[in-house]
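Protein chains in written order, with the numbering used here: chain F, 12 to 221; chain C, 26 to 1020.
A portion of the hints provided could be inaccurate.
Claimed, not checked - Output of the computed footprint for chain F on chain C, the stretches with three or more beta carbons under 8 Å from beta carbons of chain F:
id	region
1	182–194
2	350–356
3	627–637
4	820–834
What the hints contain is simulated information worked out from the structure, not anything from laboratory work.
Quick caveat, the model's predicted, so the values are computed rather than measured.
We put the CB at the ideal spot given by N, CA and C, even for glycine.
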Amino acid sequence: MADAATIAWTPRGSWAGILASGEFGTAGQPGVTIEARDGLGIASLIAGDGRDEALAQALQGHIGLGLPLTPCIVSSARHSLVWAGPDQWHLIAPDRNGFDELLRDLAPLAAISDQSDGRAALRLSGPKVRDTLAKGCMLDLHPSAFPVGTAALTSIAYMGVHLWRIADDPASGDAVFEIMVARSMAGSFWSWLSASAAEFGCKVTATGRG
Amino acid sequence: MSAKQPFRRGDGGLIDRASPVSFRFDGRSYQGYAGDTLAAALLANGVRLVGRSFKYHRPRGILSAGPEEPNALVELRSGARREPNTRATVAELYDGLEAQSQNRWPSLDFDILSINSLLAPALTAGFYYKTFMWPAAFWEKLYEPLIRRAAGLGRAAMEEDPDHYEKAFAFCDVLVIGGGPAGISAALAAGRSGARVILCDEDFRPGGRLLADKREIDARAGSEWVADALAELASLPDVRIMTRTTVLGVYDHGIYGAVERVSDHLPLPPVHQPRQRAWRITAKRAVLAAGAIERPVVFAGNDTPGVMLGGAVRTYLNRYAVLPGREAVVFTTGDDGWATARDLTAAGANVAAIVDPRPQVDAALVALGKAIGARVFAGSAVSRASGGKALKQVTIRDASGRETSLACDLLAVSNGWNPTLHLTSHQNTRPVWDEAIQAFVPGTMPAGLSAAGSAAGHFGLAEALVDGARLGSEAAADCGFAAKPLAATAKTDPDAVSISPVWRVKGGKGKAFVDFQNDVTDADVELAAREGFRPVEHLKRYTTLGMATDQGKTSNISGLAIMAEQTGKTIPETGTTIFRPPYTPVAIGALAGHHRGPDFRPMRLAPTHQWSKDLGAVFVETGLWLRGQYYPKPGEDHWLTTVNREVLAVRNGVGICDVSTLGKIDIQGNDAAEFLERVYINGWKALPVGKARYGLMLREDGFVMDDGTTSRLAETHFLMTTTTANAAKVMQHLEYCHQVLWPTLDVRMVSVSEQWAQVAVAGPKAREVLRGVVDAQHDLSNEACPYLAARNITVGGGIPARLFRISFSGELAYELAVPADHGDAMMRALMAAGAPYGITPYGTEALGVMRIEKGHVAGNELNGQTTARDLGLGRMMSAKKDFIGRVMAGREALIETERPALVGFKPVEIGQRLRAGAHFIGLGKPAAMEHDEGYMTSVAYSPVLKHWIGLGLLKNGPKRIGERVRAVDPVRNGDIVLEICNPVFVDPEGARLHG
């Protein structure tokens, strides 16, 4: 007889059943490399009335980052703060270690909602990353218009996305983008992304959990 | 053998003679070369007859060498890839190309419907308005099908398009439209200054007329200048040359639409390549360098295969090394045509005559004519071309009326050029008439766009180069890039631009065509004038002039000119034709891009989707979501069997149903309770922490907007749920309320719909099942966790979760939420824990049945036309506070006592099936609108009651419990007698809920 003790609570990430590691599309040196970013700590922060300054100071103290007041992302070795609308940010950590505690500490200063499982995140790189994104992203991603650290809330293939550019790949010098979509739309997003990247050859290096 | 290509010149041309290409036209095999268009290759093989015309089925050949072609339209490819109305003049030849002529039966050579020409008197302008009027019943059954078959264009493929299409977005400082001398100059000037430049050329090879004409720039061949310029452009890092890309439309704010024909020049798109890509290009500035389109002359038989535009003749001669004819006559109203005669002779054709209506022709040109051995007919015009399927003879008439007939197989017609200014009028500005060049030129330009070279009416090569360089620099400078000093103006050979156009030559025997593609003749334009259809828009619609897929590129001006002549006005007084996007026809597939079939719109999947799939769920689309509708077991061959089983399982044991798709909004802040107080009709301030409450919100106009339960997780923290369908709308509404109506409230909200996987666990055994997954320290007893409790708990050994004791089914029920990554495991854990109790997954159908059994309203009742009172929820409206919709809900019509309100229904004859949508009519009254008393909103078969039940909105409903009324369903011929009853069919006391 089944009981709680015998049930495995295996988490299933947002890319489970969608991403498969390996290469697809045109053969040869892949033009796009895709890595699932699973298990992140993601929380939305909305500053309370008149508490922006206090929130900024607390964040500076806790994670050493200031609040970006324009659409961009700031990062430390561990954390990132990405602009998510007026008075709104996403706090992102690479994993959940200490994340709940951090959120608890910040709770008096902002409306904080854990969104860690609600977003499907990818890291995209490679020489053809811009050409791939151009098939759906209505923003200008040219280095002169979208420098490292720029963030945007936009839509791709009729899906809302949160997109930003992190430091270039040190080895190749190619631009690197991270993108978050609503978890429920991960399958549709992948349908668009895989069709768009196939022309350039695409490599999936990490598929996430589950 | 066909491989010989009898009309191919021995050398020259921009074709790859090392790459012969085989193709088929109407089933016959031919050969051409890489670099040919289909039209060029057909001409090289001596194929002159290419199609039949739209209305009269007249034999047609190749008029032009570009996108304006009205005659040489073919069906390209076959099967699912068949493309009708493809212009042979721009279709790039590829090995294995298959094309069919259109509009002919049984064959191109012998077409039965060419007798339409004999019926011509009945087929003039407006013929279908006049001829097929009576009897009216004949239209649909006889006339329309007949006309459609006779007057068709090509046939579209009937199968699904097997190819992939894409959309893409591009950005630049300077967009250059057209890759001729002006466009290349503009791109060079802008590119050298460092601006981001996109150069779009619709040809597969940039160069424009420099590929077609023997011109010199700085004492070098024009094609060499092009090659050097392209090499330099390619070396500039931020310059992108997009060939095979047609800019189709100009939109607001510097947005341009374009289609790139990525794979149309290949037998099949390479794997992973789209066939076409639709671009949206955002440009800070743009230079239109689209060139010009040559004008034909209207004269009898001007549609005979072998009558060709002079510029096209030079294109075929010089670019494709093809002789469009061996015995030529040149008919030119300006200097330009004399170059055609020169090139024809140089290519080995015999020019029998040059006909120029101008009484005085430049002596140098006359000398040229003499030198090439052509008879020169100055002050004369070609009045007729004849020969049927191939030109045999032209009739030349001089000023005195004397006629000379000459045998020939090619008539090259030059009548000046019209700037390709279509894009300049896409923002609803009109071109203006330029008397000097006898053509419309761009008028007020769309913001950020300028026109260079021929597109601006500057037809000389030297002008084009200067224009392009200047406008390219200016455009870059406008974007903040300092212009490099302009290079010295290039020297070119002399231009030949003098023109005095002749719009038509009257008096020849036979039809004289204005619009070749729609078979509109000069007589049709005259008829329109006589019948009063004189304004240009009337002329167009009455005669269909300019309404074919070519949009009148070669016909609009002639039509205007003839109308002007008929009405005694000038051309500009007669009117202009403005253009709308697209400039040339676009495949629907290109506009759809990736978004067709299952990718038509995004599909949202719940975090429990895989679990449902594993159980063989049948899914239903609800908005963007795919939800489990029911979970059939082997042997269940009807959905109702499954749904009945699922309902009874919940009522008698326990079931689980995914409710992750409901909207969830996190609301925090010191004023969160006050905020809810204002958006919901009922009270919230007194809701204790750890409790949930049903809420109903109205729109400002007093009608119900949405409902759901909202829980107080902490003093200043609420979690609102919305219906699946209204999740986004409610979020938007709340943001509006906060940002616009009450910005001073300290409240913050964010959607957390995606974060949580949520499941309803319902049935008398729900608590036992939950006990198996909820960590032991959490007390689930009725005392500790009563009806409407909302708790933060943990499951599976520390996984944070939320538990709400709420019920849509009317049973003892909970909703359990876990972070979405754990959703799949939660379902599997519940299944395992519930196995001893026969736990049963149920879908939206069973959910719907149970809510109808309980009289709960849902989407069918929350339909935007109902008030809280209509739904029996009027007493929820607090009288102690203000809330959105309160005032308007009190409007007279909304509180009228007779207003249809929610009640339940059951059939008097118990086996009868109810139908949603049926209207209520009193017993014994006729089923007419004046007796309408409301309608049935929701029905279900209740496996508990073992008969159909329904909810509906009935006049005075709540006061009529126990009475009878008819449900009339004219759509399905239903008319049954119902008993009006309490909308709560099952457990009206709510005992199960509190169990």
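So, going through the hints one by one against the coordinates:
Coverage of the region 182–194 of chain C by chain F holds [criterion: at least 3 residues with CB-CB distance below 8 Å; count 5]. Only when three residues or more bring their CB closer than 8 Å to a CB of chain F does the claim for the region 350–356 of chain C stand; here the count is 0, and the claim is violated. Coverage of the region 627–637 of chain C by chain F holds in this model, with 7 residues showing a Cβ closer than 8 Å to a Cβ of that chain against a need of three. Residue count for the region 820–834 of chain C with a Cβ under 8 Å from a Cβ of chain F: 4. That meets the three needed, and the coverage hint holds.
In summary, the structure is inconsistent with hint 2 from the numbered list given earlier, while agreeing with all the others.
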